[in-house]
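Visitor: Listed here are the chains, written in short residue letters.
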Amino acid sequence: MPSHDVLIIGAGLAGQRAALAAAEAGATVAIMSKVHPVRSHSNAAAGGINAALNPEDSWESHAYDTVKGSDYLGDQDAIEIMCREAPDEILWLEHRGVTFHRNETGHLGTRAFGGASQARTYYVADITGQALLHVLYEQLMKHHAAIDRYEEWFVTSLLQDAGGHCVGAVARNIRDGAMETFTAKGTILASGGAGQAFKPTTNALICTGDGIAQAYRAGAPLMDMEMIQYHPTTLLENGFLITEGARGEGAQLFNKDGERFMEKYAPNKMELASRDVVSRAEQTEIDEGRGVGPDGQGILLDVTLVPKKRILEALREIVNIGRDFAGVDITREPITIRPGQHYIMGGVKTDVEGRTPIPGLYAAGEVACVSVHGGNRLGANSLLDTLIFGRRAGAHAAARADGMPMPAEPPASRVRDEEGWIASLLQRGPGSGRRVSEIKDELGEAMNRHCAVFRDEQGLSTCLDVVRRLQEEARSAYVDDRGTIFNQDVLGAIELGYMLDCAEATLLSALERRESRGAQFRTDYPERNDDEWLRHITVSLGASGRPELGYAPVTITSWQPEERKY
Amino acid sequence: MPSFTLKIRRYLPESGDAPFWQEFDVDLEGHRSVLEGILTAKAREDGSIGIRCSCRAAICGSCGVLINGRTRLACNTHLAEAVRESPEDGKIIVEPMNNMPVLKDLIVDMDAVHWKKIQRVTPWLLPEGPPPEREYVVPHENMVDVTQSMACIQCGACVSACLSMEVDPLFIGPAALAKAYRFVGDPRDGAQYERVKDLAEDPAGIYDCTHCFACIDACPKGVAPMSQIMRLRRVASRDHDIEDRNNGYRHEHAFVENIERNGLLHEADLLPDSYGGKLHPRAVPELIDSLPVVAKGLARRKITPGKALLHPHRRHYKDVRKLFKKVQAKDEPLELNLYIVGYEEEEEAAR
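These protein sequence lines are chains L and R, in that order. The first sequence begins at 1 in this note's numbering and counts up by one. The second sequence begins at 567 in this note's numbering and counts up by one.
Worth flagging that the hints you see were computed from the coordinates, not collected in a lab. Treat the hints with care, since some could be wrong.
[Unchecked claim] Straight line, CA to CA, 30 Å or less: simulated DSSO-like cross-link-like pairs of lysine-lysine: (1) R:K873 - R:K844; (2) L:K142 - R:K763; (3) R:K873 - R:K763; (4) L:K309 - R:K873.
[As the list claims (entries may be wrong)] Below, a sample of chain R positions facing chain L; criterion: calculated Cβ distance under 8 Å: (5) S614; (6) C619; (7) S620; (8) G627; (9) L669; (10) K670; (11) Q685; (12) W690; (13) V703; (14) V704; (15) P705; (16) T713; (17) M716; (18) A717; (19) I719.
Built from N, CA and C at the ideal position, the CB exists for glycine as well.
From just these sequences and the hints, can you work out the full model?
Guide: Given below as structure tokens:
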């Protein structure tokens with residue numbers, strides 16, 4: 001049974017950064033992921049990473065933009081830390097080999113991004129996340145002596161001792177189906193978001209809310225789960241992401257009348273207002289009959305306004321996406337897009353060191369809610385969040401482990417119970433209920449219909465009923481694969497349970513927040529209401545086995561809530 | 567809605583059975599991807615079909631497979647396009663990638679081949695001395711240049727398609743060598759000479775590539791691994807004058823001189839030229855070694871004594887020599903930025 005000072009679950013940017021920080025602090029580290037690390041969804045963050053690194057810029061300006069972008073729901077102490085530490089993090093990455101694009105003097109170049117008062121987004125063409133992820137993996141390979149990699153291992157649950165402390169995890173080797181316990185003094189969840197609970201989504205198939213649900217089941221509170229970001233530019237056809245970098249480089253949005261409608265909604269920032277604002281503007285145009293496409297469900301994004309050489313150099317990836325997935329040459333004609341599910345601001349509640357209320361359990365990245373994004377995340381702040389809080393969690397977990405005894409190995413029955421549970425999943429056949437894939441589709445479609453850009457009580461309640469029914473149906477759902485080697489089918493059944501937990505928490509929080517703030521727009525409560533709702537909503541698993549709602553205060557340091565205009 | 571037939575090569579290691587073919591019919595629009603076809607079959611008919619996949623958008627590099635015998639990403643190959651290329655009346659044939667052991671169905675052992683080779687090239691930056699206080703100041707062009715290698719998603723398509731690797735499994739291969747160029751071309755790396763020296767001296771290194779273009783054809787991200795290998799060779803031979811023990815350096819120079827002299831490759835001269843001329847002591851054993859190949863070529867009439875000795879293609883050599891002169895007259899060697907080359911070509915065509 002492997003044991004380490006620090007066990008990291010998830011090997012995207014947050015996980016890899018945590019692993020490097022923990023190893024640097026002298027800890028023994030294991031990093032585990034259900035996919036090979038470079039397949040992680042951090043790849044998809046295309047546009048860049050924010051930092052106030054230019055002498056003319058300031059971290060306060062970055063922090064203010066982030067606070068305003070969050071619609072004042074972000075915790076300002078955490079935002080200050082993130083923005084203060086951002087410049088050094090960029091340099092750390094640059095020194096390790098990230099191929100950031102330069103300006104004409106050979107210094108780090110920037111591009112403009114949404115919701116920002118300065119061009120402070122550092123980038124590698126439009127493959128920034130991919131470049132960061134692959135360079136961090138280079139560093140993991142370099143530090144292979146200090147960091148054990150468990151690639152293609154699937155965590156089924158967290159281990160807790162009698163006192164409730166987290167002491168590791170139980171995982172299944174996807175390659176051969178063997179179950180094993182991994183004990184650790186500290187466990188860091190870095191397993192990403194839950195976008196697959198929506199259909200369509202920009203998120204990869206692996207983004208199934210595993211860590212959020214694992215922490216929730218272990219008793220950790222979730223926070224801000226109602227805050228679901230719809231990205232303004234996803235392909236009409238299949239929901240794939242077109243980077244905000246396109247608008248940062250000068251692309252514009254038009255409705256079917258050829259009107260640059262952002263003039264009405266955000267006369268100053270136009271297309272580069274924050275994402276919730278732009279997505280709402282687009283959805284309003286669509287709902288009022290000014291959309292394009294066969295059902296009028298789209299908006300035109302015109303990238304041809306960007307010089308062609310610049311497109312080929314800096315927006316290469318979306319040229320490929322347009323060509324391969326929409327049959328459009330974006331250098332010659334506009335492409336049809338719409339708002340699409342992209343990111344969850346909420347997650348496992350943590351402090352600025354990444355600690356959850358469960359001793360020994362940390363979380364960082366999209367799985368976590370510090371909360372630096374509050375009601376709406378700014379573009380190019382997600383990569384920053386993963387790296388800053390991944391590093392802090394890794395360093396803190398390593399320091400905490402120093403001098404601490406290794407937790408006792410869990411009883412063998414712990415693995416046997418889990419094996420028995422999976423065996424029972426495999427025993428179900430077509431007679432027992434619905435297919436896992438059918439339930440997943442119904443969940444995603446319901447969430448996208450009722451819990452999207454515009455919401456109301458009736459829709460959210462209807463959706464909650466659907467989710468509760470699907471939770472029942474999931475208990476008898478069946479899979480086809482009975483094997484042990486790469487049985488992806490049975491993992492899908494476990495992931496479905498994770499997604500349903502996340503969806504339930506999201507709907508409960510969205511129903512509870514009877515106001516409009518950030519990504520949550522309630523048509524039945526269209527105003528922001530600071531008197532009642534300038535607070536976080538939490539969801540925890542109660543003693544009865546039912547979710548319980550709670551509240552947490554918003555930390556305000558320098559910036560009092562104001563009306564938000566772009 | 568149109569219907570497509572996917573013919574998938576299955577392999578279930580626990581069954582004890584040999585690989586077998588299984589067909590699935592799926593109803594999807596033609597511009598949907600082969601991956602969506604496979605996932606539809608998996609969701610509706612048989613959840614046991616094994617395929618790695620995640621992003622669905624050609625970013626994560628999970629779903630490399632053979633489609634109608636060619637290595638592709640399943641997610642960015644359209645069903646309609648795959649049917650057009652089908653050799654078997656409209657069935658889309660899907661198999662696991664080549665050059666790597668199959669674990670289950672369409673899942674291959676990337677660790678055993680691909681990642682092992684990546685680790686061979688010291689795949690991390692080796693900066694010289696302590697880092698500067700702020701960023702390294704380097705030309706924008708260099709960063710755009712290595713971005714072509716950074717665009718690699720480690721899908722293994724080039725490894726699967728590589729013909730050299732099929733013959734010589736030890737060949738470091740296109741993906742790992744493209745990764746190597748990411749450091750060799752990076753001005754911040756302090757080990758450029760050591761890296762290219764190592765890759766030139768390795769018998770399975772940069773001179774093991776046969777220039778067949780299969781990796782360029784297979785790469786879904788425009789990384790053009792072979793071009794990166796050629797650039798490694800140029801750094802090794804032109805910038806560092808590394809005369810490797812594999813004779814790659816001399817062979818390459820002999821090749822260029824041969825064409826300059828003859829207008830078109832004169833194969834009979836190439837081998838002795840590569841070893842310093844027909845009478846050079848090193849050339850003699852090589853010539854003797856190649857006799858069986860020559861004999862076979864003669865027997866099968868692939869070469870005739872007349873062609874081999876007289877080289878009748880010589881008449882256009884003046885035009886070729888003009889090209890050589892034009893290129894050699896430039897102060898800076900002509901090094902196209904391959905990543906944005908399409909733009910330059912189009913601009914010229916428009917003029």
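Visitor: A separate judgement is required for each hint: does it hold in the structure or not?
Guide: Hint by hint, here is what the structure shows:
For the suggested pair R:K873 and R:K844, the alpha carbons sit about 18 Å apart, so the restraint of at most 30 Å is met. About 21 Å separates the Cα atoms of L:K142 and R:K763, which keeps this hinted pair within 30 Å; it holds. For the hint linking R:K873 to R:K763, the alpha-carbon distance of about 38 Å lies beyond 30 Å, and the restraint is violated. Of the supplied pair hints, the one linking L:K309 and R:K873 is violated, its CA atoms being roughly 47 Å apart against a limit of 30 Å.
A distance limit of 8 Å between C-beta atoms decides the matter here; for R:S614 the minimum to chain L is near 4 Å, and the interface restraint holds. For R:C619, the interface hint holds, since its Cβ comes within 8 Å of a Cβ in chain L; the closest pair sits about 6 Å apart. Interface restraint check: R:S620 against chain L, minimum CB-CB distance 4 Å, threshold 8 Å, status holds. A hinted interface residue such as R:G627 counts as satisfied when its beta carbon comes closer than 8 Å to some beta carbon of chain L; here the least separation is about 7 Å, so the hint holds.
At about 6 Å, the closest approach between the beta carbon of R:L669 and any beta carbon in chain L falls short of 8 Å, and the interface hint on this residue holds. The interface hint given for R:K670 is met, as the beta carbon of that residue sits about 5 Å from the closest beta carbon of chain L, less than 8 Å. Because the closest C-beta pair between R:Q685 and chain L is about 6 Å apart, less than 8 Å, the hint holds. Annotation: R:W690 was flagged as interfacial toward chain L, and the flag holds, the nearest CB pair being 4 Å apart, inside 8 Å.
The beta carbon of R:V703 comes within 4 Å of a beta carbon in chain L, closer than 8 Å, and the hint placing it at the interface holds. Given the 8 Å rule on beta carbons, the hint for R:V704 holds: about 5 Å separates it from the nearest Cβ of chain L. Annotation: interface hint on R:P705 holds; nearest CB of chain L at approximately 6 Å, less than 8 Å. Using the Cβ-Cβ criterion of 8 Å, the hint placing R:T713 at the interface with chain L is satisfied: the shortest such distance is roughly 5 Å.
Annotation: interface hint on R:M716 holds; nearest CB of chain L at approximately 5 Å, less than 8 Å. Checking R:A717 against chain L: minimum C-beta separation of about 6 Å stays under 8 Å; hint holds. For the restraint placing R:I719 at the interface with chain L, the shortest Cβ-Cβ distance is roughly 7 Å, inside the 8 Å limit, so the hint holds.
Checked against the numbered hints above, the structure breaks hints 3, 4 and satisfies the rest.
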